Amino acid sequence: MLNTPSRRTMRLVTSGAAALAITAGLVACSAEESTTASGGDPVSGGTLTFASNGDTDCLDPHQSAADLAALYSRPILDSLVSLTDDGEVHPWLAKSWTVSDDQLTYTFELRDDVTFTNGEKFDAAAVKANFDHIVDPTTASALSAGYIAPFVAATVLDDYTVSVEFSSPFSAFLPSVATAYFGMEAPETLLQDPGELCKVIVGTGPFMSETGYVAQQGITYLKNPDYNWAPETANHQGAAYLDELVMTIVPEDSVRLGSLSSGEVDAIASIPPVNVESLEADSNLYTDSAAAPGGNYNYFPNTEMGVFADIDVREAFRMGIDFDTLVGSVYFGAFEPANSPIAPNTAYYDPSQESSYEYDADAAAKLLDDAGWVMGADGVRVKDGEKLAIQMPMISGAREQRDTLAQQVQAEAAKLGFEMVIESQDLGSYVEALGNGSYDLIEISWQRSSPDVLRTLFDSANIPDGGFNTAFSRYTSPVIDDSLADALATLDPDELTELYGTAQQEIADQVLVFPQYVFSYILGASTSAQGIEWEPQAFPIFYDAWKSE
Amino acid sequence: MTTLALKPTISNSIREVWHAITRAPITVVLSALMLAFFVLAAVWPNLIAPGNPLAADPLQTLKAPSAAHILGTDENGRDVFTRIVHGATPSLLTGLGASALALIAGTLLGVIAAQGGKWADAVVMRFVDILLAIPGLLLVLVIIAVMGKGTLNVIIGIALFSVPGYARLVRSEIMVIRRSGYVDASVSLGIPRLQIVMRHIVPNAIRPVLILATIGIGSAIGTGATLSFLGLGPQPPAPEWGAMLASSQSYFSVAWWAALFPGLAITAAVLSITVLGQYLQRRLDGRTA
Amino acid sequence: MTISTPVELIVAAPGRKSRGLAQAIARRIGIAVIVIWGAITASFLALKSMGGDPVQSIAGGVVQVTPELREQIIAKYGLDDSFFQQYLSYLGGVLQGDLGTSYALRRPVVEAIAEQLPNTMTLLITATVFAVAVAFIVSLTTAHRGKRVRSTFQALESIGVAVPAFWLGIMLITIFSFGLRMFPSTGANGVAALVLPSIALGLPVAATLSQVMRDTLEKTLDEPFIVTVRARGAGEFVVRVRHALRHSLVSVITLVGWLSGTLIGGAVVVEQVFSRPGIGRMIFSAVLNKDMPVVLGIVIVAAVFYVIVNTVIDLLYPIIDPRLR
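These protein sequence lines are chains W, E and D, in that order.
In terms of this note's numbering, the first sequence opens at residue 1 and continues consecutively.
In terms of this note's numbering, the second sequence opens at residue 1001 and continues consecutively.
In terms of this note's numbering, the third sequence opens at residue 2001 and continues consecutively.
Keep in mind that the hints are not guaranteed to be accurate.
Stated by the list, open to error - Straight-line Cα separation of at most 27 Å, DSS-like style, residue types lysine-lysine; simulated pairs:
1. K121(W) to K223(W)
2. K2048(D) to K2076(D)
3. K95(W) to K128(W)
4. K415(W) to K366(W)
5. K1063(E) to K415(W)
6. K2076(D) to K199(W)
What the hints assert, rightly or not - Partner residues are not named here, just some residues of chain D that face chain E (Cβ under 8 Å, in silico):
7. P2118
8. T2122
9. V2161
10. V2163
For the record, the hints were derived by calculation from the structure and aren't laboratory data.
Here the structure is a predicted model, which means the values were calculated and not measured.
Beta carbons are placed, not taken as given, at the ideal position from N, Cα and C, and that holds for glycine.
Start from the sequences, fold in the hints, and give me the full structure.
Following this line, the structure appears as structure tokens:
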């Protein structure tokens, strides 16, 4: 399955799921903001219950593409390296590593004091078994295999030395391998049927779960008492403070919030933005949030067909709708309005192109008038008998009140003379529409914290052709293609700033995206739950967490 | 001359209706008024609420009830009252459509079962048993899984799970009429079978069925709202009571009005139709229950 | 319950012909078998009438189907067999307890259902107990108690039947879980978490039940034997509970059959509103994902459950009420 495009996948965001970043960039930083009234020293013991907002299709992150698979598997699985908020790569299960001059081979020196919770020894053979498992076609990896597409082989050099070889230079490897999607699982367990791993996985992590993951109910973890190999990026060493960690699944926002305020659970995922204020007013509770780097939540116009094939219509849509105000109104300031396809905390973000995304309704109306779109009696503009109509498919049960936002965009577009139809679809139909380009407008968030996400989203090589792919605007620009390709081949920061800047400006000039908001993960917790930290991809981790009385 | 005396005059009719109203319990009168309001809202929504139910205003979101918005605004800044009034159309349409469809299909099946001989009876009644064995909402979910979301499929689904009740009732009513001896007499007079069925049996059997269909409209509205609440009925931004409740649920702690009033509307509509249906049933059956 | 067939329809089932007991039992079981077969066949037809590419559905929406994967799936699921062959193997599978493999959960449907079933059963049982208890108390205390009491409760019952369960659930969460912080709103752990969902699910059912029970109670209280009992000096409580109630049990048991179907439908909504794990929530998300094996698996399980409950009830009638023998 190597090097075939069939492994391309996307971060599918099912109902209620929080989108988290897949880190594949060298520089990732997450802006954290906390109102926690932290007090006292950590104490050991107790149970922390966390209410998450959705299911994963499978616990095994080698198989699943779900963002929540990373959250649920992280307490059990350690990675070879760890990544900090500022994008630095640190040792974890690997003590050190070297990269060959041609950048094709990575060699890891492993710790020799690590064991899996089933008693197996962690060694070079275990690492090889994990890589082999990820790329094995029967694993049907929906994400991790695709992220190491140029992978050739992992080779055991001695007991604690392993090398990984690629067919082409692959500078994004270390940040990728730091994610939970490349967590190390016990080799014996990898021999089982993939379906078994969807329920129970065994790793070297600070927690373990024999009962495993139960759909709709969640997962209960016990402390791994022997844990002594936390990354230096963690706040402490040794075993986790908590005896037990429970993650339950509560998709309904109001119920999840109620369970926090009534004290049933200690912390919850995804606070609805409308409730942030009232929650902070409660002295027993606090909120904490982390912004995810990478792609924003964006609307992409289909530039190949329909009314958005005309750049003036795209420009009018971008200028004529006050997206910033809509985002402010729907999210009460909890999410920052976006003025670029990528989040401001992504490396090589170019602030100079923000001005292209300014609101000017009069100019937009004039643009449409000049282009020959005449306002009809029914409030829909018409040109040569063609209606100014756009159709946007949406996955039903969209998270974060995205449907509310879409309805407001729809209402604002109507004022401009657009007839915008929102089609609520199931996952299959949505992916099908994506693949064959049967849409005028499509909404999706794609978090990947490297600026290389621009290549994912706008390189003409990624225009979907029947199957799934990611260049949703379906636009071919040599300027974008060339500058992004050149960026892959250099490590010089000045050159990268120049190249990524050029691409971002061209994307703005050609009106290839209508950015909506920068995604933030908002966590709510009781003041008795302390020390909850964040993965760089903006989801909570509980190794350093503790319960105060 | 006797026929003349029996002929109802207009004034007599009015008097009768007036009597019926004044003698009706207060709950029935209130239900009738409530239903009249919903019917008017469904037929001519702009008379009651001339505003645009889709008009969003990002600066007016989640405003409490006031003179400008008597039931407040929702998360998109739309007027809740206007949306409830315009939401009567899909709700009543679902109720009427599903009941009518079920009534037609159920009556047809009931007649076939009762009149078509032993084998037709067995086949139809087993089919009815199969439908009955699948819980109503699950049956609708299967229909939607196969045919997709939307008002029409919701109507078909609700109708399908209501069919068994009608089919059984029609069949048993016909059995009763047949045993009355009247039909035997007609057969012996040489009247064709089909004519007996169409002229005599069906009209007599249909009355209790029609009354049940009235009550059925109420529960169909409730079921339709439930499916819209689950996101399987009319799609946003269409105003529909169940869908309104679903979308405002997340905001309940800060804007109770956006979820309270659509729920009241559903309850009021279902209640008024059920009360009227049961009243009709009691009167026409001459039952005291 | 908003998902209700008017009770009149269920109670007005056609009269049973009296036959020999053994023959009646054989006939009833025969019907049960036919109904279950019909439900499985209908499920198979539904599965086959799904639009779209079945291979893509099985592979999952995200995975691009390569020719090799396509062949693998076709072979594994027997998609190139004839229609009749596929039907036979589906039927055979179901009869052996194999409901297929979930597209979305990547595991056997039976296993997934078995995992969630206890949660739903607990909810259904508590809701039933709650509904029956409320109906008993209300009907016993209000039967033949004067016009005012009667019409007040009748009005309350009508409202109870009309209130949508999901709205009731939201109101209960708001008042008790947020406002008063009395009961937990979520989870499947412990008795406390069952209180609010059971009320939301059971209250509309209680309203229907108590309407029917009061009717039958009043009819029984008018019967001559009650006069005899009173004449012997029995107190009102004894008359109602010991004598009248016993005679109205048949109507209650008839309704239990109806309940089993209604409550499963209601569970879909209530589990959703309260974020409770269970097969109701599972079937709903399966419908959204077009995960047909799960949808149909749950339908078949529900149908079998319904048929068994109703067959047992039918067979019990002659035992409970000698008049029906």
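- request: Quickly compare the C-alpha distance for K1063(E) and K415(W) to 27 Å and report which way the hint goes.
  value: This hinted pair holds, its Cα atoms lying about 22 Å apart.
query: Given the hint that K2076(D) pairs with K199(W), does the C-alpha gap stay at or below 27 Å?
result: 22 Å, holds
message: For the restraint on V2163(D), tell me whether the closest CB of chain E is nearer than 8 Å.
response: OK, holds: V2163(D) within 8 Å of chain E, min 5 Å.
message: A closest beta-carbon separation below 8 Å is what the hint needs, so does V2161(D) meet it against chain E?
response: 7 Å, holds
- prompt: Between K2048(D) and K2076(D), does the CA-CA distance stay at or below 27 Å?
  reply: 17 Å, holds
- request: Mind checking the CB of T2122(D) against every CB in chain E and telling me if the closest is under 8 Å?
  value: This hint is violated: T2122(D) lies away from chain E, its Cβ roughly 18 Å from the closest one there, beyond 8 Å.
field: Closest C-beta approach of P2118(D) to chain E relative to 8 Å, hint status
entry: 18 Å, violated
message: For K95(W) and K128(W), compute the direct alpha-carbon distance and say whether it is at most 27 Å.
response: 16 Å, holds
- prompt: Taking only the CA atoms, is the gap from K415(W) to K366(W) under or equal to 27 Å?
  reply: Given that 27 Å is the threshold and the Cα spacing comes to 13 Å, the pair holds.
query: Does the alpha-carbon distance linking K121(W) and K223(W) stay inside the 27 Å limit?
result: Between K121(W) and K223(W) the Cα gap is close to 19 Å, so the pair holds against 27 Å.
Checked against the numbered hints listed earlier, the structure breaks hints 7, 8; every other hint is satisfied.
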